[in-house]
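Asker: Following the hints, complete the assembly by docking chain L onto the known chain X.
Each protein sequence line maps, in turn, to chains X and L.
Under our numbering, the first sequence is numbered contiguously, ending at residue 428.
Under our numbering, the second sequence is numbered contiguously, ending at residue 428.
What the hints contain is simulated information worked out from the structure, not anything from laboratory work.
A quick note: this is a predicted structure, and the numbers were derived from the prediction, not measured.
Glycine included, C-beta positions come from ideal geometry on N, C-alpha and C.
Where hints are given, some of them may not hold.
[As the list claims (entries may be wrong)] Distance condition first, Cα-Cα at most 25 Å in a straight line; then the derived DSS-like pairs of lysine-lysine:
#, chain 1, residue 1, chain 2, residue 2
1, L, K107, X, K239
2, X, K58, X, K191
3, X, K239, L, K217
4, X, K239, L, K57
[To be verified] Between beta-carbon pairs, the in silico distance windows are:
#, chain 1, residue 1, chain 2, residue 2, range
5, X, K320, L, W169, 47 to 57 Å
6, X, A325, L, G252, 46 to 56 Å
7, X, P333, L, N130, 46 to 56 Å
8, L, E337, X, I313, 36 to 46 Å
9, X, N177, L, G26, 51 to 61 Å
10, X, K320, L, P346, 44 to 54 Å
11, L, Q38, X, I313, 38 to 48 Å
12, X, A325, L, G189, 49 to 59 Å
13, L, A152, X, A27, 54 to 64 Å
Number of protein chains: 2
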Amino acid sequence: MNLDKLRINGARLQQSLEKMAQIGATPGGGVQRLALSDEDKKARDLFVHWLKEIDCEVTIDQMGNIFGRRAGKNRNLAPVMSGSHIDSQPKGGRFDGILGVMSALEVLRTLHENNVETQRDIVIVDWTNEEGSRFAPAMVSSGVWVGKLDLEWAYARQDINGKKQGEELARIGYKGELPAKSFPIHAYYECHIEQGPQLEKKGKVIGAPKGVLCLHWYDIRLKGTANQVGPTPMAGRNDCLLAAAEMIQVVNKVAHIKGDMVATVGELHNHPNSRNIIPDGVHFTVDIRSWEDEHAIDAWEMMKLEFEAIANRHGTPIDMEITWRVKRAPFDEELVYNVLEASEKLGYSSLRMVSGAGHDASYINQIAPAAMIFIPSKGGRSHVEVEESSWEDCSKGANVLLQCILKSAMQA
Amino acid sequence: MNLDKLRINGARLQQSLEKMAQIGATPGGGVQRLALSDEDKKARDLFVHWLKEIDCEVTIDQMGNIFGRRAGKNRNLAPVMSGSHIDSQPKGGRFDGILGVMSALEVLRTLHENNVETQRDIVIVDWTNEEGSRFAPAMVSSGVWVGKLDLEWAYARQDINGKKQGEELARIGYKGELPAKSFPIHAYYECHIEQGPQLEKKGKVIGAPKGVLCLHWYDIRLKGTANQVGPTPMAGRNDCLLAAAEMIQVVNKVAHIKGDMVATVGELHNHPNSRNIIPDGVHFTVDIRSWEDEHAIDAWEMMKLEFEAIANRHGTPIDMEITWRVKRAPFDEELVYNVLEASEKLGYSSLRMVSGAGHDASYINQIAPAAMIFIPSKGGRSHVEVEESSWEDCSKGANVLLQCILKSAMQA
Numbered sequence: 017m018n019l020d021k022l023r024i025n026g027a028r029l030q031q032s033l034e035k036m037a038q039i040g041a042t043p044g045g046g047v048q049r050l051a052l053s054d055e056d057k058k059a060r061d062l063f064v065h066w067l068k069e070i071d072c073e074v075t076i077d078q079m080g081n082i083f084g085r086r087a088g089k090n091r092n093l094a095p096v097m098s099g100s101h102i103d104s105q106p107k108g109g110r111f112d113g114i115l116g117v118m119s120a121l122e123v124l125r126t127l128h129e130n131n132v133e134t135q136r137d138i139v140i141v142d143w144t145n146e147e148g149s150r151f152a153p154a155m156v157s158s159g160v161w162v163g164k165l166d167l168e169w170a171y172a173r174q175d176i177n178g179k180k181q182g183e184e185l186a187r188i189g190y191k192g193e194l195p196a197k198s199f200p201i202h203a204y205y206e207c208h209i210e211q212g213p214q215l216e217k218k219g220k221v222i223g224a225p226k227g228v229l230c231l232h233w234y235d236i237r238l239k240g241t242a243n244q245v246g247p248t249p250m251a252g253r254n255d256c257l258l259a260a261a262e263m264i265q266v267v268n269k270v271a272h273i274k275g276d277m278v279a280t281v282g283e284l285h286n287h288p289n290s291r292n293i294i295p296d297g298v299h300f301t302v303d304i305r306s307w308e309d310e311h312a313i314d315a316w317e318m319m320k321l322e323f324e325a326i327a328n329r330h331g332t333p334i335d336m337e338i339t340w341r342v343k344r345a346p347f348d349e350e351l352v353y354n355v356l357e358a359s360e361k362l363g364y365s366s367l368r369m370v371s372g373a374g375h376d377a378s379y380i381n382q383i384a385p386a387a388m389i390f391i392p393s394k395g396g397r398s399h400v401e402v403e404e405s406s407w408e409d410c411s412k413g414a415n416v417l418l419q420c421i422l423k424s425a426m427q428a
Numbered sequence: 017m018n019l020d021k022l023r024i025n026g027a028r029l030q031q032s033l034e035k036m037a038q039i040g041a042t043p044g045g046g047v048q049r050l051a052l053s054d055e056d057k058k059a060r061d062l063f064v065h066w067l068k069e070i071d072c073e074v075t076i077d078q079m080g081n082i083f084g085r086r087a088g089k090n091r092n093l094a095p096v097m098s099g100s101h102i103d104s105q106p107k108g109g110r111f112d113g114i115l116g117v118m119s120a121l122e123v124l125r126t127l128h129e130n131n132v133e134t135q136r137d138i139v140i141v142d143w144t145n146e147e148g149s150r151f152a153p154a155m156v157s158s159g160v161w162v163g164k165l166d167l168e169w170a171y172a173r174q175d176i177n178g179k180k181q182g183e184e185l186a187r188i189g190y191k192g193e194l195p196a197k198s199f200p201i202h203a204y205y206e207c208h209i210e211q212g213p214q215l216e217k218k219g220k221v222i223g224a225p226k227g228v229l230c231l232h233w234y235d236i237r238l239k240g241t242a243n244q245v246g247p248t249p250m251a252g253r254n255d256c257l258l259a260a261a262e263m264i265q266v267v268n269k270v271a272h273i274k275g276d277m278v279a280t281v282g283e284l285h286n287h288p289n290s291r292n293i294i295p296d297g298v299h300f301t302v303d304i305r306s307w308e309d310e311h312a313i314d315a316w317e318m319m320k321l322e323f324e325a326i327a328n329r330h331g332t333p334i335d336m337e338i339t340w341r342v343k344r345a346p347f348d349e350e351l352v353y354n355v356l357e358a359s360e361k362l363g364y365s366s367l368r369m370v371s372g373a374g375h376d377a378s379y380i381n382q383i384a385p386a387a388m389i390f391i392p393s394k395g396g397r398s399h400v401e402v403e404e405s406s407w408e409d410c411s412k413g414a415n416v417l418l419q420c421i422l423k424s425a426m427q428a
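Same shape as in the complex, but just chain X (with noise of 0.2 Å):
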């Protein structure tokens, strides 16, 4: 058979997303599926029945990643591997992470009933919490199995109540033998839904992410004089809210200097945060990403020099730490090329672009080439009940991913 030809079935993928997207329902029309819930266990459950119907040899590691490798004609090969994560943000939406699963999923049935032989073995992944909105920090699975992070420093990970992520592995049976740890890998591919605006702007159905933009992380803190606010005049006040309203307008003007740069300030805590009373402490985050680290290290020393002035001129003693900084990962060029190159054969317009959020994918990156197939997500809307993608572009990712991992797992 003519493997271009190959389609997969996009009533049958539509079915699994909504199979999946019951579990965990929230009445606001997303999924609340938090990593290592009961939700989670039961939408894990759902895939390894899934993986086994299609006679695929199911491993669970220390982790909890699920593995479901489909064997190929030469099994010394090392593998093509595809993916994403099953678990979601709380009230997340229908389409982040599960796409990437469920798209995998569809390419192995479409092999599967075309009884179609591949060179390489393919393995399909659930990353264990990626979102990290329960235990922090994201990505965290595929980050100790390609030995960024350590086991046991994840399996100590506590959420809110006190549960620790190890604890909560065993209890919901996903605590495996297997060690987490990599092993060789062909090539990577993540079909997500993009979480931005440009291919809906744009008009176009596939990303294809060069690869993901630099994040830096920065903590400020501020120190005001906390004060009556009726006998104090205006003159002569140190109101740290009030120096750091200044740097959150800095961070926003430095950030339109350079065109692809992203700055915010996502979480502010104001100290003693009482309506009569001079605030006397601010922390707040700054998250500055770019393509081009020069970009963002140079919008940080121009955030740097004025925060330092107001402060200065506020008499607001002003700390600033480095929490983190990730240089930018591109994807690996050949891998790109195979997305765009199959959109092209596909007939599916297509968009060269890069990816603003960091996915598992990034992790994979650093062992293995990797690439990532986007489709348009509605308003550019993620992380948000009302996230969504139509279903004939899940269809088209999918199509796109069924013939990436046909051209890698094809090669001898």
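Answerer: This is chain L only, laid out in the frame that chain X set:
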């Protein structure tokens, strides 16, 4: 004897204040004596003991207000009243409130040891829970006493552990039988630390506030669009923390337009308050105070227009609520004059000023002639452990109080 020559005993006043500062003393040199706590009870017991030592008739009303009455010649005349509060802020200072009670006590002790007979009774008072930091609102018991707040409502107020104010009054043994209901008062004087920097800055000893500033509270709520920060370009964001930051600057700018106005954003809540999600909900407060109610209203109208424009520009729908508006409260002109005259006769420099903070005197002012006597706060600091006033200034404040009380209590 020539009563104009009568002086309080500064060393004894200092001892009383130091003794009280031991009850609930904090490691940082301040005091934590929350309303109706064990510390409050201990301080009350000592106060009652001291009142009885000088033959005062002690009564406790239903709100736990403690009255110590020293008989005058003509018991049918309305008494002169003086006092303040024994409770403190959490990690508060050693002078706020307690100075007004101890200086009134010192005045009575001075009259007692000099066998001074006044025309009218003199009543010294400790108002329960002036601070409102354990049970909101502040000044609750003077409010009930003048009939502006309801007794049962006050009883039902809860602290963060769910304990009711009424139950805690009973627990510490200060839920009295006497109705918490005002009786005729000839004059009310309250000696208090300034809690602001004016006296210190201008090198004056006694402040005679002509009244309390108006107080207007607003609650502003903004809605934004939550999105992951990485994939969401700067253009087209609806970041409501960024919008709020602009509004905070507006509050500060407008406050500077009129001389004695202060305007403050003391409280801000950000949602979801996560470093990698664009904020979709912000709630902040605005506190505006001025001697001229009109100025405060004008300032709000200006802010409102600018807030609306900012919210429009950011696409962050805004809701603005008028939470509380209290008009300015001018004190009794004759009593304020008494404070200035007594200061002059005693050779203390004085300042006509306004009070930016509310006090129990604000409520009493609604049913009887009232005035306050301010002494300097070092660095203008208050509601903090480092709150401080000199012993000399405390003495001077008490001497002014003595002369004012004598003047009013001698009136037939």
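Asker: Now tell me if each hint is right for this structure.
Answerer: These are the hints, each one checked on the structure:
1. K107/L <-> K239/X: Cα-Cα ~18 Å, so holds.
2. K58/X <-> K191/X: holds (15 Å)
3. K239/X <-> K217/L: holds (23 Å)
4. K239/X <-> K57/L: With a Cα-Cα distance of about 35 Å, the restraint between K239/X and K57/L is violated, given a limit of 25 Å.
5. K320/X <-> W169/L: 47 to 57 Å: Because 51 Å falls inside the window, the suggested range holds.
6. A325/X <-> G252/L: 46 to 56 Å: violated (30 Å)
7. P333/X <-> N130/L: 46 to 56 Å: holds (52 Å)
8. E337/L <-> I313/X: 36 to 46 Å: holds (43 Å)
9. N177/X <-> G26/L: 51 to 61 Å: holds (57 Å)
10. K320/X <-> P346/L: 44 to 54 Å: holds (50 Å)
11. Q38/L <-> I313/X: 38 to 48 Å: violated (55 Å)
12. A325/X <-> G189/L: 49 to 59 Å: Since A325/X and G189/L have Cβ atoms about 57 Å apart, the given range 49 to 59 Å holds.
13. A152/L <-> A27/X: 54 to 64 Å: Given about 59 Å between the Cβ atoms, the range holds.
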